[in-house]
Amino acid sequence: MSLLDLKDATKDYKLGKTVIVRALRGLDVHIEKGEIVAIMGPSGSGKSTLMHILGCVDTPTAGEASIEGTQIKSLSERQLVALRGRKIGFVFQTFNLMQTLSAQQNVELPMIFQGIKKKERAQRALDLLTKVGLERRAHHRPNELSGGERQRVAIARALANDPDILLADEPTGNLDSESGGTILELLKRMSTEYGKTVIIVTHDPDAAAIATRTIRLHDGRVVEEVRNA
Amino acid sequence: MLKDFFMLAARSITHRKMRSWLTVIGVFIGITAVVALISIGLGLDQTIKQQVAGVFGVDTFVLVPKGSFGPQRHTGTSAEEYALDLQYLKSIPGVKVAAAVRQRTGFVQGPTKADGTSTQGFLPVMGLSTELMNEFESFTGKLAVQPGGRLFVAGDVDVAVLGTDTAKRLGAKVGDSILVAGDDKKELTLTVVGIMKPSDEGTSSKTNRGFSAGMSPGQNKDTIYVPYDTMSLLWGKANDVLVTLVRTQPGADVNKVADLVEKDLRARGSEISAITYSDVSDAIGTMTSTVSAFLAGIAGIALLVGGVGVMNTMFTSVLERTKEIGVMKAVGAKNSHILTIFLIESGLMGLVGGVVGTLLGLGLSAVASTFIGRFFGVHMAVVASPSLILITLAGSFSLGAFAGLWPAWRASRLPVVDALRYE
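Here the protein sequences line up with chains G and B, keeping their order.
Last residue of the first sequence: 229 in our numbering, with the numbers rising by one and none dropped.
Last residue of the second sequence: 652 in our numbering, with the numbers rising by one and none dropped.
Derived by calculation from the structure, the hints in this document are not laboratory data.
Take the hints with a grain of salt, since some may be wrong.
Below 30 Å or equal to it, Euclidean Cα-Cα: the simulated BS3-like pairs (lysine-lysine) are [as the list claims (entries may be wrong)]: (1) B:Lys552 <-> G:Lys73; (2) G:Lys118 <-> B:Lys426; (3) G:Lys131 <-> B:Lys415; (4) B:Lys485 <-> B:Lys295; (5) B:Lys397 <-> G:Lys117; (6) B:Lys485 <-> G:Lys14; (7) B:Lys319 <-> B:Lys295; (8) B:Lys232 <-> G:Lys118; (9) G:Lys131 <-> B:Lys397; (10) B:Lys397 <-> B:Lys415; (11) G:Lys118 <-> G:Lys87; (12) G:Lys119 <-> B:Lys371; (13) B:Lys397 <-> B:Lys295.
Here are some, though not all, of the chain G residues that point toward chain B, as calculated from beta-carbon distances under 10 Å [claimed, not checked]: (14) Asp12; (15) Leu15; (16) Gly16; (17) Lys33; (18) Gly34; (19) Asp58; (20) Ala62; (21) Gly63; (22) Leu75; (23) Thr94; (24) Met111; (25) Lys118; (26) Gly173; (27) Asn174.
Label-pair restraints from in silico Cβ distances [stated by the list, open to error]: (28) G:Glu144 <-> B:Met247: 54 to 64 Å; (29) B:Ile254 <-> G:Asp219: 32 to 42 Å; (30) B:Ile620 <-> G:Thr10: 50 to 60 Å; (31) B:Leu548 <-> G:His30: 36 to 46 Å; (32) G:Glu77 <-> B:Ala623: 58 to 68 Å; (33) G:Lys7 <-> B:Pro644: 17 to 27 Å; (34) G:Glu193 <-> B:Ile254: 45 to 55 Å; (35) G:Arg86 <-> B:Pro644: 31 to 41 Å; (36) G:Gln114 <-> B:Leu548: 49 to 59 Å; (37) G:Lys14 <-> B:Thr243: 33 to 43 Å; (38) B:Trp250 <-> G:Glu77: 18 to 28 Å; (39) B:Met247 <-> G:Asp219: 20 to 30 Å; (40) G:His218 <-> B:Leu548: 30 to 40 Å.
All of these numbers come straight from a predicted model, not from anything done at the bench.
C-beta: ideal position from N, C-alpha, C; glycine also.
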């Protein structure tokens with residue numbers, strides 16, 4: 001049993017009433033604890049769909065998806081919410097920070113939804129911001145931060161509830177190569193130092209370079225799987 | 230957690246300052262109208278009741294023609310005058326003082342002038358009980374005659390007090406004799422003992438207390454006043470009474486005495502209704518609350534428009550924050566969390582509108598009271614009861630929350646994946 005298992009997973013989207021788009025066409029993916037997996041492929045190859053299913057925000061149309069042996073389909077909406085809140089942290093290409101909140105408050109947000117007390121929350125948020133090297137920027141709003149800094153805040157937010165899995169969707173897509181490098185380094189440290197499982201959906205060859213394994217998708221199928229040294 | 234949600238909602242409101250303010254303006258216009266109109270309505274009610282209470286006191290009631298007061302007035306059968314046995318009325322238990330006014334039109338001949346002629350004609354003749362002069366000042370206002378004259382005293386019979394115009398027209402002065410003719414060739418020569426001081430229009434509101442002004446002899450300048458009992462020497466039994474004022478014994482229940490008087494007098498053929506303070510107060514209450522309800526209804530429409538404004542803003546807000554909602558859900562927000570945050574947000578806008586609207590509404594009603602007060606020469610109360618304010622604030626929060634209910638529900642139902650994909 002892997003941490004995440006996909007068996008012969010397919011995903012269909014309905015566009016309008018008649019057109020059906022097959023985003024995934026029978027995928028077998030297994031991800032072990034502590035791995036850094038890069039998912040690569042051209043646009044429309046099903047990367048994002050795969051990531052949404054791995055992140056438990058979507059379910060396959062057919063086939064199986066399970067996390068630590070538990071079928072995602074068997075979970076209620078409420079259980080899924082709880083699972084996402086505790087086990088999975090998301091990092092997005094466009095950062096998706098709350099513009100109205102400071103860096104620290106953005107990091108606290110997932111903890112608010114878990115009902116964690118203010119004092120503990122604030123301390124943990126500060127610790128996490130220190131981890132990503134932004135302790136001095138805690139009270140700045142996202143629009144006062146650079147792109148790289150914003151993404152570091154987003155990573156700190158993803159780590160707020162100490163999840164096992166970190167899901168990053170094109171984390172370097174909107175960054176220059178230097179900032180991108182910092183972010184990738186940070187993601188790598190999350191795996192090596194803190195034992196997180198990191199899944200990166202990316203076009204960026206640099207991102208693939210830090211991965212322990214690269215899965216290449218094309219037209220909703222796995223076309224190549226490379227284990228890096 | 231709720232505190233954090235309040236923070237999140239407040240941040241989102243202040244982030245969109247312009248739109249939030251426009252929404253709040255939509256709400257507070259409605260709230261201002263509602264608060265001002267209700268406050269003015271209550272103030273009017275309170276003021277009128279105070280005025281009436283000032284006139285009636287706790288122990289006085291009025292006998293008016295049956296059917297001339299209250300809802301039955303519309304039947305069209307009401308009489309203008311009624312028969313009354315004043316002596317009997319005074320003997321009814323619980324009655325301390327009673328005074329009546331009766332009126333006729335009589336042939337009057339003025340004093341003979343130097344050239345041997347005299348002015349004559351038909352004029353209204355009013356019989357006033359002596360008690361009316363000194364016991365019911367709150368109804369009649371301060372009665373006063375011009376210097377050198379006097380009002381009636383007990384025991385007066387062949388005397389008259391003239392209205393200012395009458396005195397001028399007849400060419401009569403204090404000490405002159407005038408002739409008044411009644412029914413069946415009865416006539417009396419009366420000595421003029423006083424001429425009414427013309428009531429000063431400017432101060433009439435202070436002396437005559439609003440609604441009782443019509444009852445004041447001081448204002449009927451073309452009338453001849455005679456003692457009440459003198460009327461019966463000219464026109465016989467009193468079947469032409471306009472109004473009777475009754476004061477009860479100290480400690481007597483004015484409503485019970487009024488009922489007894491009404492029953493006893495009706496049994497003796499007097500077509501009267503006894504009106505106490507509570508009757509008048511009830512009638513005023515019915516009237517003012519009808520007016521208030523009507524005005525509040527109009528204001529309610531303004532409020533409804535404000536509510537629709539909140540709803541519109543919230544829908545827009547949900548739409549433009551679709552991605553934000555997706556992110557919040559991705560980081561662990563439950564549907565109920567999203568719902569709560571959006572409800573608080575729309576509720577807060579309603580509440581701010583409520584606070585501003587309440588303050589403006591009270592200010593507006595204070596201004597209106599000043600104007601109304603100056604216009605009618607009364608001091609009008611500004612009613613700002615804590616319950617009105619509390620209900621308004623709670624109501625405006627609910628209005629906002631209610632208007633936000635649908636958008637918030639839609640927001641909470643957004644599937645995470647769709648929300649995340651939304652651009």
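Going down the list of hints, with the structure as the test:
1. B:Lys552 <-> G:Lys73: Roughly 24 Å separates the two Cα atoms, so the pair holds.
2. G:Lys118 <-> B:Lys426: violated, 81 Å
3. G:Lys131 <-> B:Lys415: violated, 118 Å
4. B:Lys485 <-> B:Lys295: holds, 18 Å
5. B:Lys397 <-> G:Lys117: violated, 93 Å
6. B:Lys485 <-> G:Lys14: Violated, because 83 Å separates the two Cα atoms, which is more than 30 Å.
7. B:Lys319 <-> B:Lys295: holds, 20 Å
8. B:Lys232 <-> G:Lys118: Distance ~10 Å between Lys232 of chain B and Lys118 of chain G Cα, so the pair holds.
9. G:Lys131 <-> B:Lys397: Between Lys131 of chain G and Lys397 of chain B the Cα gap is close to 106 Å, so the pair fails against 30 Å, i.e. violated.
10. B:Lys397 <-> B:Lys415: holds, 25 Å
11. G:Lys118 <-> G:Lys87: holds, 21 Å
12. G:Lys119 <-> B:Lys371: Answer violated: Lys119 of chain G to Lys371 of chain B is near 76 Å, above 30 Å.
13. B:Lys397 <-> B:Lys295: Violated: Lys397 of chain B and Lys295 of chain B sit about 37 Å apart, past 30 Å.
14. Asp12: violated, 13 Å
15. Leu15: Violated - the Cβ of Leu15 of chain G stays beyond 10 Å from chain B, reaching only about 13 Å at its closest.
16. Gly16: violated, 15 Å
17. Lys33: violated, 21 Å
18. Gly34: violated, 23 Å
19. Asp58: This interface hint holds because 5 Å falls under the 10 Å limit.
20. Ala62: violated, 17 Å
21. Gly63: Given a least distance of 17 Å, the restraint on Gly63 of chain G is violated.
22. Leu75: violated, 14 Å
23. Thr94: holds, 8 Å
24. Met111: holds, 9 Å
25. Lys118: Given a least distance of 8 Å, the restraint on Lys118 of chain G holds.
26. Gly173: Status violated, d = 14 Å.
27. Asn174: Hint violated; Asn174 of chain G Cβ to chain B Cβ min 14 Å, cut 10 Å.
28. G:Glu144 <-> B:Met247: 54 to 64 Å: violated, 21 Å
29. B:Ile254 <-> G:Asp219: 32 to 42 Å: Given a distance of about 54 Å, which is not inside 32 to 42 Å, the answer is violated.
30. B:Ile620 <-> G:Thr10: 50 to 60 Å: At 58 Å between Cβs, range holds.
31. B:Leu548 <-> G:His30: 36 to 46 Å: holds, 39 Å
32. G:Glu77 <-> B:Ala623: 58 to 68 Å: Since Glu77 of chain G and Ala623 of chain B have Cβ atoms about 33 Å apart, the given range 58 to 68 Å is violated.
33. G:Lys7 <-> B:Pro644: 17 to 27 Å: holds, 24 Å
34. G:Glu193 <-> B:Ile254: 45 to 55 Å: holds, 54 Å
35. G:Arg86 <-> B:Pro644: 31 to 41 Å: This hint is violated: roughly 20 Å between Cβ atoms.
36. G:Gln114 <-> B:Leu548: 49 to 59 Å: At roughly 28 Å between Cβ atoms, Leu548 of chain B and Gln114 of chain G fall outside 49 to 59 Å, so the hint is violated.
37. G:Lys14 <-> B:Thr243: 33 to 43 Å: Check passed, 40 Å falls within 33 to 43 Å.
38. B:Trp250 <-> G:Glu77: 18 to 28 Å: Violated: the Cβ-Cβ distance is about 37 Å, outside 18 to 28 Å.
39. B:Met247 <-> G:Asp219: 20 to 30 Å: violated, 47 Å
40. G:His218 <-> B:Leu548: 30 to 40 Å: holds, 35 Å
In this structure, the earlier hints numbered 2, 3, 5, 6, 9, 12, 13, 14, 15, 16, 17, 18, 20, 21, 22, 26, 27, 28, 29, 32, 35, 36, 38, 39 are contradicted, and the remaining ones agree with it.
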